[in-house]
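Novice: Work out the full structure, taking the sequences as your base and the hints as a guide.
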Amino acid sequence: MTTPLLDIRDLKTHFPVKRGLLFPRNIGTVKAVDGVSLSIHEGEVLGLVGESGCGKSTLARSIVRLVHPTEGSIHFMGRNLAGLSGEDLRKARPQLQMIFQDPYASLNPRRTVFDTLAEPLLTHNIVPKNEVTAEVNRLMDQVGLAHRFVRKYPHEFSGGQRQRIAIARALALRPKLILADEPVSALDVSVQAQILNLLKELCNDMGLTMLLISHDLSVVRHMAQRIAVMYLGRVVEVGPADQVFHHPSHPYTCALVSAVPLADPDLEENRARVLLQGDPPSPMNPPGGCPFHPRCNYAEAACATERPPLVDSGGQRQTACLRLDELP
Amino acid sequence: MALLEVDNLKTYFHTRNGIVRAVDGVSYSLEAGETVGIVGESGSGKSVLHYAMLGLIPQPPGRIEGGSVHFDGMDLVQAPAKALRGVRGKRISMIFQDPMTALNPYMKIGSQIMEPLRIHEGVDKKTARTQAIDALEAVGIQDAEKRLSMYPHEFSGGMRQRVMIAMALITRPEILIADEPTTALDVTVQAQILELIKQRQQDLGMAVILITHDLGVVAGMCDRVLVMYAGRFVEAASTRTIFNNCKHPYTRALMDAMPATQQTSEMLYTIPGMPPDLSQPIPGCAFAPRCAHATDVCHEKPTQLDRISDGHHAACHRLGDLAL
Ligand SMILES: Nc1ncnc2c1ncn2[C@@H]1O[C@H](COP(=O)(O)OP(=O)(O)OP(=O)(O)O)[C@@H](O)[C@H]1O
Ligand SMILES: Nc1ncnc2c1ncn2[C@@H]1O[C@H](COP(=O)(O)OP(=O)(O)OP(=O)(O)O)[C@@H](O)[C@H]1O
Ligand SMILES: [Mg+2]
Ligand SMILES: [Mg+2]
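Those sequence lines, one after another, are chains E and F.
Note that this note's numbering gives residue 225 to position 225 of the first sequence, counting from 1, and the numbers run on in steps of one.
Heads up, this note's numbering is the position in the second sequence plus 328, with the first residue counted as 1.
These aren't lab readings, by the way, just hints derived from the structure by calculation.
Backbone N, C-alpha and C fix where the C-beta goes; we use that ideal spot for every residue, glycine too.
Any given hint might turn out to be false.
[What the hints assert, rightly or not] If you anchor each label on the Cβ, the simulated ranges turn out as follows: (1) Lys453/F x Gly278/E: 47 to 55 Å; (2) Ile447/F x His246/E: 22 to 30 Å; (3) Pro609/F x Glu87/E: 48 to 56 Å; (4) Thr29/E x Met435/F: 50 to 58 Å; (5) Gly207/E x Pro617/F: 34 to 42 Å; (6) Asn285/E x Asn432/F: 38 to 46 Å.
[Unchecked claim] Which chain E residues face chain F? A few, computed with CB under 8 Å, are given here: (7) Val49; (8) Gly144; (9) Glu156; (10) Asp188; (11) Val189; (12) Ser190; (13) Pro281; (14) Leu327.
Specialist: Below, the structure is given as C-alpha cells:
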C-alpha cells in the first residue's frame, strides 16, 4: 500500500475556556478534537460529517495549523505539520488551502475580486506578472463568475457569489490538498451543483486531494470515495461512501442518515426518523466511555465506562462501537 | 387582513457600475401562523427584499424606490426609524444569513442574547440571564452557563447560527424571518431546530418566512413557496404544487439541480448560463437567456405573474403550451 498524502494520528486539539479580563482563570477545557486518526490518499476525496460542534472545523484548522494541535501528529508529504513553525510552516502552506464555511468573514472587504485573486498569484510567483490578468480571468471562469465582476468589492456580491470568490482564491495557489469546510452550504442548489461539478473536475483532472466537510450527506456522497463520521471530537465510523450511506454501522450514523430531509412533501409527512433522544453532549464535559452512549438506543453498562476503539468492521470499514456485533 | 402585506416593493443599489435592481417589484402577503418558503438563485434578491422590509438596507448605496410593507396598520417603508426599532428584533425578528457579521465579535455571547430582552422588554439582568440560558439550551447548546461568557469565534459555525436563532426567538416575535437558518447545521441538529420553530409557531401563532435553498427543508416546513429570480417572483404556489406540478421552467430547473435527486458519480445537472446582470435593462423574461423553452416573445416582452389556479401563479409566456 502507498503512503497516504495526509496521515493524522491521535490528534487532539483542546481549547481552554477562560473567564475574567484582568486575572483570567480557566473555567474549563473544550475538547474539540479528542484523539482522531485519519488518512487521505493522493487523489482521494474524504468526506467528513458529524453533528454541529463535534470538531470538524477544528480538525481542518489544526491540519493547516490555524490552531495549535495539543497532541498527536499530522504527516503530510513526508513531514509532520504538527511540529512545523516559522519559515517551514510558511513554505508548506500554499500546498494546503482551505475553503471556509463562511465566505463573508474570509474575504477582505477592502479588496476587489482582482486584488484578492492576484495577490496570491504574485506573492507565490504562480504565473509571470504579465499573465496575472489572464490567470485571474481563468480562475473566474472556473468558478462561474463573470469577468465584469473583477473590480467589485465583496459587499457587492450575494452570499453565493462570495463563496465562488473564496474558492477561486484557494485554487489560485494550485494546492495539493484542499480542505473544504462547508464549501457549498451558502449556495443555491444550481450553483451548488456547478461548484460540486467544478470541484469534482479539479479532483479528476488535477489529481487534487480533498477533505470535504459538509453536513449535507447527499453532497458528501456525491463527491467522496470515503466518508468519516465524527461525534464529539472522535471518529466513530469511516469507510467507503456507499456503505456508510446505505448501510451505516454506528448507531449515530444510522440516526444521521435517517434525518436527511427529503425533497418531497408527501414522503416528508410519512417518514420514519430515528430521532436522537436526549441533548447533544458538551465537549467541555464529555460523557465517559463512548461519547454517544447517553443518546444511544443500544447502550449497555460497559458503554458508559469503556472507550470503544476504532476497529475493522468488514469491507474496508472501521467502526467504534462496543456492541457492533449485536446491533441489528 | 393579512398579518404582513408587501406591495410592489423595489430596492435598487446605486453603484459606480450602474443601478442594480436587486428587488424589482415584489408583492406578497403573509398570514399569522403560516410558513412561507422563499427559494431562488443566489443573488436573486431574497435577502435584500427582507432587509428592505426591516429598514436594514445600507443607504447609500441602497434605496427603496417604491412600494409598501404593511404590518399592523403601519407602512414599514414610511415608518420613522424609532417606530421601526420597536418592531424590528421584537415583533418581527430576523435570523441573518451570516451569523459572523450579525454577531458582534468583541461582545460575549451572553450579553448579545440578553440585549433584545433588556432593550425591548426592560427585563432585569438576572431574569435575562436565566432566559438566555434557557434559550441556548433550547437550541441544543450544552453548558449554556459557561457558554455565555465565550465570544463568537469560540463557537462552531453551527453553534453561532443557533445563537442567532436563540436571539431571534427570545422576544417571542409575531413574524420570524429566517434567512438560511440551518445552512451550517448537520441534519440531526437541523431537524431539532426546525422542530423548535414549529413548536413556537404552534404556541405563539408566529408566522415564518423561510429563505432557503434546501428544498428538503421547504418540503418539510412550508405551506407555500415563492420562487424568486432576478429580483422578482416567477412562481408562487402551495408547497405540494411546487414539487408536483410547477409551471415555471426556472422552478423546474431548480428541482432538477438537487444533488439528492440525482445519480451519484456523474456530473450534476446545472442550469446553463449565468444569472442576468441586474444593472442592465432586461427587456423580456429575465430567465429567457437560460431557458430551454424560450421563444422570441420571451426575449422581448416582460412577464407578469399570471393566475393558473387558486393560489398558483407563474410568470411565463409559455404557460399555456408547456408541459414540464
Ligand atoms: N451593498 C450592495 N451594493 C451593491 N449591490 C448589492 C449590495 N447588496 C446586495 N447587492 C446585490 O443585490 C442582489 C441581491 O442580493 P441578495 O443578497 O438579496 O441575494 P440572495 O438572493 O439573498 O442570494 P444568496 O442566496 O446568495 O444569499 C445581488 O445581485 C447583489 O450583488
Ligand atoms: N477558538 C476556540 N476557543 C474555544 N473553543 C473553541 C474554539 N474553536 C472551536 N471551539 C469549540 O470547539 C468545538 C468544536 O468546534 P468546531 O468549530 O470544530 O465544530 P464543527 O464540527 O466544525 O461544527 P459546525 O458543524 O457547527 O461547524 C465547539 O464546542 C467550539 O465551541
Ligand atoms: Mg464547522
Ligand atoms: Mg441571501
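Novice: Run through the hints listed earlier and report the numbers of any the structure violates, in increasing order.
Specialist: Hints 1, 2, 4, 6 and 14 are the ones this structure does not satisfy, whereas the remaining hints hold.
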